[in-house]
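Peer 1: Protein chains in written order, with our numbering: chain A, 1 to 178; chain B, 1 to 249; chain C, 1 to 356.
Calculated directly from the structure, the hints in this document are not laboratory data.
Predicted, not measured: the structure shown is a model, and the values here were computed from it.
One or more hints might be untrue.
For lysine-lysine, the following DSBU-like pairs were computed, each having C-alpha atoms within a straight-line distance of at most 35 Å [said to hold, decoys possible]:
1) B:Lys192 x C:Lys192
2) B:Lys29 x C:Lys192
3) A:Lys2 x C:Lys356
4) A:Lys20 x C:Lys3
5) C:Lys289 x A:Lys57
6) A:Lys80 x C:Lys349
7) C:Lys3 x A:Lys125
8) C:Lys353 x A:Lys2
9) B:Lys7 x C:Lys192
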Amino acid sequence: MKKEIIISGFGGQGGLAIGKNLAEAGMAQGFYVTWAPSYGPEMRGGTANCSVVVSDKPVGSPVFAHPTELIALNAPSLDKFEAGVQPGGMVFVNSDVVTDRVPRADLTAYYIPCSHIAEEIGNPKVSNMVMLGAYVAATGLLKPETIEAMIQAMFTGPKAKLVPLNIEAFRRGMTAIA
Amino acid sequence: MAIVYQKSAGLTDSELHYCPGCNHGIIHKLVAESLVELGLLDDAIGVCPVGCSVFAYNYFSCDMLEAAHGRAPAVATGIKRTHPTQAVFTYQGDGDLASIGAAEIVHAAMRGEKFTTIFVNNAIYGMTGGQMAPTTLIGQRATTCQSGRTVEQAGMPIRMAEMLSTLDGCVYAERVCVTDIANINKAKRAIKKAFEKQMNREGFTFVEVLSTCPTNWGMTPIKAVEWLKENMIPYYPLGVIKDTGAEVK
Amino acid sequence: MEKELWKGNEAIAEAAIRAGCNCFFGYPITPQSEVPEYMSVHLPEAGGVFVQSESEVAAINMVYGAAGAGMRAMTSSSSPGISLKQEGISYLAGAELPCVIVNCMRGGPGLGTIQPSQGDYFQATRGGGNGDYRTVVLAPSNVQETVDFVQQAFDIADQYRNPVIVVCDGLIGQMMEPIEWHPVPKRNLPPKDWAACGRRDRDHHNVINSLYMDPEECDRHNLHLEEKYAQIQANETRWEAVHCDDAEIVITAYGTPARIALTALETLRAEGIKVGLFRPITLWPFPEKALHELAGAAHVRAFLDVEMSSSGQMLDDVRLAVEGQKPVHYLGHAGGVMPTVEEMVESVKRLEKEVK
Chain A
1 MKKEIIISGF GGQGGLAIGK NLAEAGMAQG FYVTWAPSYG PEMRGGTANC
51 SVVVSDKPVG SPVFAHPTEL IALNAPSLDK FEAGVQPGGM VFVNSDVVTD
101 RVPRADLTAY YIPCSHIAEE IGNPKVSNMV MLGAYVAATG LLKPETIEAM
151 IQAMFTGPKA KLVPLNIEAF RRGMTAIA
Chain B
1 MAIVYQKSAG LTDSELHYCP GCNHGIIHKL VAESLVELGL LDDAIGVCPV
51 GCSVFAYNYF SCDMLEAAHG RAPAVATGIK RTHPTQAVFT YQGDGDLASI
101 GAAEIVHAAM RGEKFTTIFV NNAIYGMTGG QMAPTTLIGQ RATTCQSGRT
151 VEQAGMPIRM AEMLSTLDGC VYAERVCVTD IANINKAKRA IKKAFEKQMN
201 REGFTFVEVL STCPTNWGMT PIKAVEWLKE NMIPYYPLGV IKDTGAEVK
Chain C
1 MEKELWKGNE AIAEAAIRAG CNCFFGYPIT PQSEVPEYMS VHLPEAGGVF
51 VQSESEVAAI NMVYGAAGAG MRAMTSSSSP GISLKQEGIS YLAGAELPCV
101 IVNCMRGGPG LGTIQPSQGD YFQATRGGGN GDYRTVVLAP SNVQETVDFV
151 QQAFDIADQY RNPVIVVCDG LIGQMMEPIE WHPVPKRNLP PKDWAACGRR
201 DRDHHNVINS LYMDPEECDR HNLHLEEKYA QIQANETRWE AVHCDDAEIV
251 ITAYGTPARI ALTALETLRA EGIKVGLFRP ITLWPFPEKA LHELAGAAHV
301 RAFLDVEMSS SGQMLDDVRL AVEGQKPVHY LGHAGGVMPT VEEMVESVKR
351 LEKEVK
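Okay, chain A solo, but in the shape it has when bound:
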């Protein structure tokens, strides 16, 4: 089993954080993982992306041209990476930001209104957790309880009050797929 995931969006949209969450959760489940960002000035405002590998064997290349899944948080990201996705792969789109549809028939596309759901819950910042929930539900790679334990560990002390909000966002993302 080897998942090669590209997460891409505008700098500040939180794509790098989604990738980090995937790597963290993969590690917690005993997988080999890597997280490699595109870096530099483009992180501030331009398009930022990261490459995540989750595998049951040690990871060779942490970068790749043909992801098994693409998470596109904005339109340029979908344009840039969609063609490279492996046949039979999945594409996750934040449909509140991206209005385009995925043209390829050999891919499974999920359109998740992440921003909309996040606002419904009461905080637009948790749209990433919605996307993470969608990814977890669609791929079945990671267990929901792993993610929820990770959320518990992420927010401690004065930030602990953010735990229920993030868990709710994650669960809403999961149900958005079903």
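Position chains B and C against the provided structure of chain A, taking the given hints into account.
Peer 2: Frame of chain A; chains B and C shown alone:
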């Protein structure tokens, strides 16, 4: 028989290589005596430059490091930050400190590094054979300005003590010379004061010592002393330029 | 042992602190700025000293001062900054001072790019500064190795009184990977009785110096250094050989391209192509003998050197070691472009057809 004078324990028995009439020997002696009299010799760590005093590590009896050209203040920063209770000094000439090492000395002073710099200004590159230094006076001849330094070609000479004293991290800057007994005594008082302020952890301390270079100035030692008094002191005035613990005269 | 997810640059800094690094002197430059950032917070917490220097030139000279006074000293930078440190590295090598220098390589020449590269191989292994000297050069290819090597680097430096350079590239510095904090195997390190740290009750003063005016004395000093370098070559040369026992095509690569090659190996072996990877772990001392012997093996038909460098730099060392026994081919990119798995697979397949 009573001993009325002896060589400082702060100096080794190595024979000095300096030219006749050069002031480095006197300045070495004053630094060494100051370290001994303040009880700092056993703890002291010195950094020498590239220039005429490159071999100072052979002459001072405390532990010494030889730095790359101009980098002594950075080397001393590395030492002092990791040995904050010990006396640390750099001994640098004008090419080393005011030219190639200008950035290092300015930033050490800016950070208020708690070491002492002894800056020997003889207005010329000595070791390499008499080239123009940033401190060479207008009209003064050097092998790279053979008709005399001009403003058009090289700008006005740099006054390091005044420049560094503008930085808040520099707590003490004084300019002295060692042309006669009275000035030698003043120079020693300045050097001791700088070390005392260093040990009080007040900040960066700087003593500029005007010095002769009879060889490269092309003069006898006596003439060189006269030339220093007549030409250098008017441009590089002696005295305390900054002392945060006292009124500036 | 529990795995922790660490970013390469932060792991470098933490590894140094755990190795007993007393002081760090650095200057910001992408893609290694997380090293000084992490150090500025955590080194003082561990009782150490952090100074942001005015330049890379000053940073390496602060290292010289602290190392000369007996401290475990470190600096890090990326390629253009490492160029500025070369003067200091030459002096450190000449004065025989131990220290650790991390180069998180980016593309060049000049300002180049901030993306990963391996264009500083010559500079690191040939001595970028003046004079006859060598620095030990460790080349990790993942975050775990980076952490292990940074810790080992302090001991190697102390054992031989010599600067040790850890070269990684921008990708290793920026990527995250799970690591475990292994205890570093203990070495028997000599006392630093040479340090200029105040003479106290010593009967002589210590001098840290690289100046020898008498040419014969300077010659003797260089011979002494040569003897030391020979010892390092004998004791510290490291490499890894993957699937080389029956390989017909051997990829030579270090750092990030070496781990990319592992994926290519997997693909190629699945197709029945006998390909191996020879990975130098120490770039100096280069594993010359091991590679020479491998080149002599009957099953090996050709080498493919892969680097993030335009025309190949380690390639020179590979050719010197192979000594014409087998053809050596090259695949590489510079300027921050990484060789891909697909390119490697394609190159090996083409090469395999050629040699058959």
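Peer 1: Let me make sure I understand: some of the numbered hints might not hold for this structure. Which ones are they, in numerical order?
Peer 2: Result: no hint breaks.
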